[in-house]
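Please build the complete structure, drawing on both the sequences and the hints.
These are the residues of each chain, in order.
Number of protein chains: 2
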Amino acid sequence: MKPFVLHPQLERDTVPVGDLALSRVLLMNDANYPWLILVPRCEGIVEIVDLAEDERRQLMQEIAETSAALKALTECEKLNVAAIGNIVPQLHVHIVARRHSDPAWPKPVWGAVPAIAYEPRVRDGFVAALRGRLGV
Amino acid sequence: MKPFVLHPQLERDTVPVGDLALSRVLLMNDANYPWLILVPRCEGIVEIVDLAEDERRQLMQEIAETSAALKALTECEKLNVAAIGNIVPQLHVHIVARRHSDPAWPKPVWGAVPAIAYEPRVRDGFVAALRGRLGV
Numbered sequence: 001m002k003p004f005v006l007h008p009q010l011e012r013d014t015v016p017v018g019d020l021a022l023s024r025v026l027l028m029n030d031a032n033y034p035w036l037i038l039v040p041r042c043e044g045i046v047e048i049v050d051l052a053e054d055e056r057r058q059l060m061q062e063i064a065e066t067s068a069a070l071k072a073l074t075e076c077e078k079l080n081v082a083a084i085g086n087i088v089p090q091l092h093v094h095i096v097a098r099r100h101s102d103p104a105w106p107k108p109v110w111g112a113v114p115a116i117a118y119e120p121r122v123r124d125g126f127v128a129a130l131r132g133r134l135g136v
Numbered sequence: 001m002k003p004f005v006l007h008p009q010l011e012r013d014t015v016p017v018g019d020l021a022l023s024r025v026l027l028m029n030d031a032n033y034p035w036l037i038l039v040p041r042c043e044g045i046v047e048i049v050d051l052a053e054d055e056r057r058q059l060m061q062e063i064a065e066t067s068a069a070l071k072a073l074t075e076c077e078k079l080n081v082a083a084i085g086n087i088v089p090q091l092h093v094h095i096v097a098r099r100h101s102d103p104a105w106p107k108p109v110w111g112a113v114p115a116i117a118y119e120p121r122v123r124d125g126f127v128a129a130l131r132g133r134l135g136v
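Protein chains in written order, with the numbering used here: chain A, 1 to 136; chain B, 1 to 136.
Just so you know, the hints here were simulated from the structure itself, not pulled from any lab data. Treat the hints with care, since some could be wrong.
It does not matter which identical chain is used: a pair holds within one copy or between any two.
Stated by the list, open to error - 35 Å max Cα-Cα, derived DSBU-like pairs, lysine-lysine: (1) LYS107 <-> LYS71; (2) LYS2 <-> LYS107; (3) LYS78 <-> LYS107.
Set out below in structure tokens:
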């Protein structure tokens, strides 16, 4: 099996939070919304259905864990969970905490408004809180 | 437990395909893209993480089944899988077969272009093929 390499666009747009059993957890560097990305560390996988059954089960478990962490830390009004991948083919699942007051609501976040980079201190504090919740 | 009632907007925008163990399978009446929606028949559930663990596992299984059926029937180039629900709060998962030539590519489909209703004969043929693949 080839080693896992994160897609360069995901590398560029995110900061690492840590590794769960299956997925690398990334924070999108976009202060518009609390936005995590799960990337199963399986080289060459594009679609959820391409994962093995036990990997899919683990991915769902990790979607639930990161959703619960985001919900608890952000008190968001809605979660958006999506595997799209039309531009970056490496399988990745977006978990976005939405608020009625966010700049894209009620539209989906993709392509809605330009990203705003986090203040480093805010970003580091959020990443630390996420690591605490997720145990990574 | 309250009986399951499909949200009126989902009722209006789709045609029923059939029921899997957990989810009702719907076909979006939009000929722009082959587009299924899974609605777990659990009254009052908004987020994936609100489902019980065995229900989440079953939902993932049904995402894989419907993804495989869509992929086989449409020979699509990409699948988009998403639980958004910013407008319709009843938990529902979109499974959209995308082609590089479709009218929204590479953008997500939500809000991209107006829906085009299927020709009834095309729709009925597609629903029949889906039922055959899914065994519903």
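Now for the hints, and whether the structure bears them out:
no.: 1; hint: LYS107 <-> LYS71; result: both (19 Å within a copy, 27 Å between copies)
no.: 2; hint: LYS2 <-> LYS107; result: between (38 Å within a copy, 30 Å between copies)
no.: 3; hint: LYS78 <-> LYS107; result: both (12 Å within a copy, 22 Å between copies)
Hint check: no violations occur; every hint is consistent with the structure.
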